[in-house]
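K.L.:
Residue numbers (the numbering used here), protein chains in the order written: chain A, 4 to 105; chain B, 22 to 187.
Calculated directly from the structure, the hints in this document are not laboratory data.
Think of the CB as a built atom: it goes at the ideal place given N, C-alpha and C, for glycine as much as any other residue.
Check the hints yourself; a few may be wrong.
[Stated by the list, open to error] Chain A residues, not near chain B, derived (Cβ > 12 Å throughout):
no.	residue
1	Arg-30
2	Asn-32
3	Thr-97
4	Ile-100
5	Asn-101
[Stated by the list, open to error] Label pairs and their computed distance ranges (CB to CB):
no.	chain 1	residue 1	chain 2	residue 2	range
6	A	Arg-90	B	Ile-24	46 to 52 Å
7	B	Asp-146	A	Met-103	49 to 55 Å
8	A	Asp-96	B	Gly-156	44 to 50 Å
9	A	Leu-84	B	Tyr-27	37 to 43 Å
10	B	Gly-161	A	Arg-91	35 to 41 Å
11	B	Gly-161	A	Met-103	33 to 39 Å
12	B	Asn-45	A	Gln-60	39 to 45 Å
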Amino acid sequence: MAVVPAEIGLIVAGLLFCVGLAGVLVRRNIIFILLSLEIMLNACGLAFVVAGAHWRQPDGQVMYFFILTMAAAETAVGLSLILQMYRRFSSLDTHAINKMRG
Amino acid sequence: MTIVFYISAALAIVATLLAITRANAVHALLYFICSLLATGVMFFVLGAPFVAALVVIVNAGAIIVLFVFVVMMLNVGPDSADRERASLRPRAWIGPALISVLLIVELAHSVLRHQTGTTAGAAVDAKQVGMALFGPYLLGVELASMLLLAGLLGAYHLGREGTGRS
Numbered sequence: 004m005a006v007v008p009a010e011i012g013l014i015v016a017g018l019l020f021c022v023g024l025a026g027v028l029v030r031r032n033i034i035f036i037l038l039s040l041e042i043m044l045n046a047c048g049l050a051f052v053v054a055g056a057h058w059r060q061p062d063g064q065v066m067y068f069f070i071l072t073m074a075a076a077e078t079a080v081g082l083s084l085i086l087q088m089y090r091r092f093s094s095l096d097t098h099a100i101n102k103m104r105g
Numbered sequence: 022m023t024i025v026f027y028i029s030a031a032l033a034i035v036a037t038l039l040a041i042t043r044a045n046a047v048h049a050l051l052y053f054i055c056s057l058l059a060t061g062v063m064f065f066v067l068g069a070p071f072v073a074a075l076v077v078i079v080n081a082g083a084i085i086v087l088f089v090f091v092v093m094m095l096n097v098g099p100d101s102a103d104r105e106r107a108s109l110r111p112r113a114w115i116g117p118a119l120i121s122v123l124l125i126v127e128l129a130h131s132v133l134r135h136q137t138g139t140t141a142g143a144a145v146d147a148k149q150v151g152m153a154l155f156g157p158y159l160l161g162v163e164l165a166s167m168l169l170l171a172g173l174l175g176a177y178h179l180g181r182e183g184t185g186r187s
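Next comes chain A alone, as it looks inside the complex (with noise of 0.2 Å):
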């Protein structure tokens, strides 16, 4: 039975993290660039369960699920504050927010 190499698996988890990078320093969206971080994460989870597939044991699977908790509670944290930027400055571009009161 022909079985996925790891490098193959690694290399595509690498090309999705690595578009969900250029989405975070292309797009200025505040959406698309949550969006683009929620990418990155899954290109990590990918690269652990490659990893854990690879090696056949379960801890890869593991991180998985604590990724996933971690994008799970960080999209909401983001959402809602990305609903507090638009009742204050109607914009979802990151450039009104651009300036600090300091």
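Fit chain B to the supplied structure of chain A, relying on the hints for placement.
P.N.:
Here is chain B on its own, set in the frame of chain A:
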């Protein structure tokens, strides 16, 4: 089985690229759901059915629904009905639908060809994962539950009307 992995990997990368280049947030979310489903098929082929179910239920199911709710809340306005009508045009949903159909064909193919549904010998099933989670990783599970509680409270506090108005 390997070819199924390659096809879904290619679909995942293409769907992610399309997701970050869309102008409309709902279209981007549709493509991101496709990317997550492709990741789920990859996990399934890698022999991790528990995580494959988890990514479909929690990631594509719950987290993306949160995103969709927020996008819909931000879209409320007089011209949202026109936008709604525009988003029902075929060229908005034909791409994600095509990717999803390809993924389900792949999944059906791999399930029908191998009765267990996973590559032989590579499977780490849900029982092993559960024993690891509630054995050596028990403290981590407790911490994860506390993190979720903190996320819940934080989202509730930040999402209220008029919090911290100066």
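K.L.:
Now, for every hint given, state plainly whether the structure supports it.
P.N.:
Outcome of the hint check:
{"no.": "1", "hint": "Arg-30", "result": "violated, 7 Å"}
{"no.": "2", "hint": "Asn-32", "result": "violated, 7 Å"}
{"no.": "3", "hint": "Thr-97", "result": "holds, 14 Å"}
{"no.": "4", "hint": "Ile-100", "result": "holds, 14 Å"}
{"no.": "5", "hint": "Asn-101", "result": "holds, 18 Å"}
{"no.": "6", "hint": "A:Arg-90 x B:Ile-24: 46 to 52 Å", "result": "holds, 49 Å"}
{"no.": "7", "hint": "B:Asp-146 x A:Met-103: 49 to 55 Å", "result": "holds, 51 Å"}
{"no.": "8", "hint": "A:Asp-96 x B:Gly-156: 44 to 50 Å", "result": "holds, 48 Å"}
{"no.": "9", "hint": "A:Leu-84 x B:Tyr-27: 37 to 43 Å", "result": "holds, 38 Å"}
{"no.": "10", "hint": "B:Gly-161 x A:Arg-91: 35 to 41 Å", "result": "holds, 37 Å"}
{"no.": "11", "hint": "B:Gly-161 x A:Met-103: 33 to 39 Å", "result": "holds, 36 Å"}
{"no.": "12", "hint": "B:Asn-45 x A:Gln-60: 39 to 45 Å", "result": "holds, 42 Å"}
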